[in-house]
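Colleague: Take the sequences, apply the hints, and build the full model.
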Amino acid sequence: MCRANWASGYIQAEIVRQILEQAGYSVTDPSLIELGPSNAYTAMAEGTCDLWANSWYPGHFSWYANELTDGSIVGDHVEAVPGLFQDSGVQGFLVTKTWAEENNISSVDQVNRDPALYGALDTDGDGIGEILGCPESWTCDDIIENQIAFGNGTEPWDNLVETKADYDAMFAEMVNRVNAGEPGILYTWSPASYLTVLVPGDNVLWLSVETPLDDSNPLGKEGGESHAQGEGFTAFGPDMCTQPCQLGWEAADIQVSANTSVLDTNPFMRRLLPLVKPSILDISFLQVDQTDGDGSEAHVVDLATGWMADNADAVAGWITEAAGG
0 MCRANWASGY IQAEIVRQIL EQAGYSVTDP SLIELGPSNA YTAMAEGTCD LWANSWYPGH
60 FSWYANELTD GSIVGDHVEA VPGLFQDSGV QGFLVTKTWA EENNISSVDQ VNRDPALYGA
120 LDTDGDGIGE ILGCPESWTC DDIIENQIAF GNGTEPWDNL VETKADYDAM FAEMVNRVNA
180 GEPGILYTWS PASYLTVLVP GDNVLWLSVE TPLDDSNPLG KEGGESHAQG EGFTAFGPDM
240 CTQPCQLGWE AADIQVSANT SVLDTNPFMR RLLPLVKPSI LDISFLQVDQ TDGDGSEAHV
300 VDLATGWMAD NADAVAGWIT EAAGG
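In numbering that gives the first Met the number 0, the protein residues as written are 0 to 324.
Be careful, since some hints might not be right.
Derived DEER-like restraints, expressed as beta-carbon distance ranges [unchecked claim]: (1) P81 <-> H298: 21 to 31 Å; (2) D125 <-> M239: 31 to 41 Å; (3) E221 <-> G316: 38 to 48 Å; (4) N265 <-> G305: 20 to 30 Å; (5) I32 <-> T122: 18 to 28 Å; (6) E230 <-> A311: 30 to 40 Å; (7) D165 <-> T259: 31 to 41 Å.
Straight line, CA to CA, 20 Å or less: simulated SDA-like cross-link-like pairs of lysine to any residue [claimed, not checked]: (8) K220 <-> A64; (9) K276 <-> Q21; (10) K220 <-> Y56; (11) K276 <-> T304; (12) K96 <-> A171; (13) K220 <-> E144; (14) K96 <-> S189; (15) K220 <-> Y63; (16) K163 <-> V174; (17) K276 <-> S87; (18) K276 <-> P81; (19) K276 <-> E20; (20) K163 <-> T122; (21) K96 <-> D113; (22) K220 <-> E161; (23) K96 <-> A119.
It is worth saying that the hints were derived from the structure and are not from the lab. No residue lacks a Cβ here, since even glycine has one placed at the ideal position from N, Cα and C.
Modeller: Right, dumping it as structure tokens:
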């Protein structure tokens, strides 16, 4: 088993590992193979690891088009497993609340049109405003690039560019800006403890876009049709989101992905994994505990073990149901 190279994915991976072990499987420590999605799907397709509990669909379907050395593609060997957290991965752009309110900012598109606004995000003097985005190979970095090229469908965000760097470093930069009341736009997601520091409605707002990205794949990225964001997410009110609220990202399905051959040869596992559905609130609270801890792998394991004890009846029920065929 492997896991994502972002800390907010560690606990769910460890919970899945412990459930599989309770069900009788011998599972390697997922922390030993920590990968971003660009490598994780290839690793599953090639058999380096059997499963990964950190998929964000539909965006991650873009990696299914990756070609392997034998001429096949990842999608020939890997599949998404239903279950885990459906429609739970809310994501989008945060903006410094004081800056947005002082300038009546309602959307990324407005920032792109106004030299004073995008100029306030220009930290290197090239005349282009910077959005703090994602590390390379996370998928969201490619989606943001396609969003910038797409804009509202007729007008690209040609006065904005994505900064790609270590996410925690970009997050710290955004926190510094927000605390100083300085302009900033940052991509983030939930569930994650990041939103306990940058709190929509308190010191930041979710920043709307005019039109969600469609499947036109304006930059021609491999698998980029899967970057489409459907109807987007619109459920936040004016206390949390600029209006009209349109995050430009649909709530993702956070799922397990697995090597198809492994599932085919383990029908019990194929039946069990879709039943594993921890509470998204439980995971969110555990992520806060993780952030407040010592950063060790032992702490991640302890948190997951505690969850297993607190939810022993549910876990036993999933295993029993899967065993029933």
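Colleague: All hints, please: hold or fail.
Modeller: Now for the hints, and whether the structure bears them out:
no., hint, in the structure
1, P81 <-> H298: 21 to 31 Å, "holds (30 Å)"
2, D125 <-> M239: 31 to 41 Å, "holds (32 Å)"
3, E221 <-> G316: 38 to 48 Å, "holds (41 Å)"
4, N265 <-> G305: 20 to 30 Å, "holds (28 Å)"
5, I32 <-> T122: 18 to 28 Å, "violated (36 Å)"
6, E230 <-> A311: 30 to 40 Å, "holds (39 Å)"
7, D165 <-> T259: 31 to 41 Å, "holds (33 Å)"
8, K220 <-> A64, "holds (10 Å)"
9, K276 <-> Q21, "holds (16 Å)"
10, K220 <-> Y56, "holds (17 Å)"
11, K276 <-> T304, "holds (16 Å)"
12, K96 <-> A171, "holds (16 Å)"
13, K220 <-> E144, "holds (10 Å)"
14, K96 <-> S189, "holds (19 Å)"
15, K220 <-> Y63, "holds (13 Å)"
16, K163 <-> V174, "holds (17 Å)"
17, K276 <-> S87, "holds (12 Å)"
18, K276 <-> P81, "holds (10 Å)"
19, K276 <-> E20, "holds (16 Å)"
20, K163 <-> T122, "holds (14 Å)"
21, K96 <-> D113, "holds (18 Å)"
22, K220 <-> E161, "holds (16 Å)"
23, K96 <-> A119, "holds (14 Å)"
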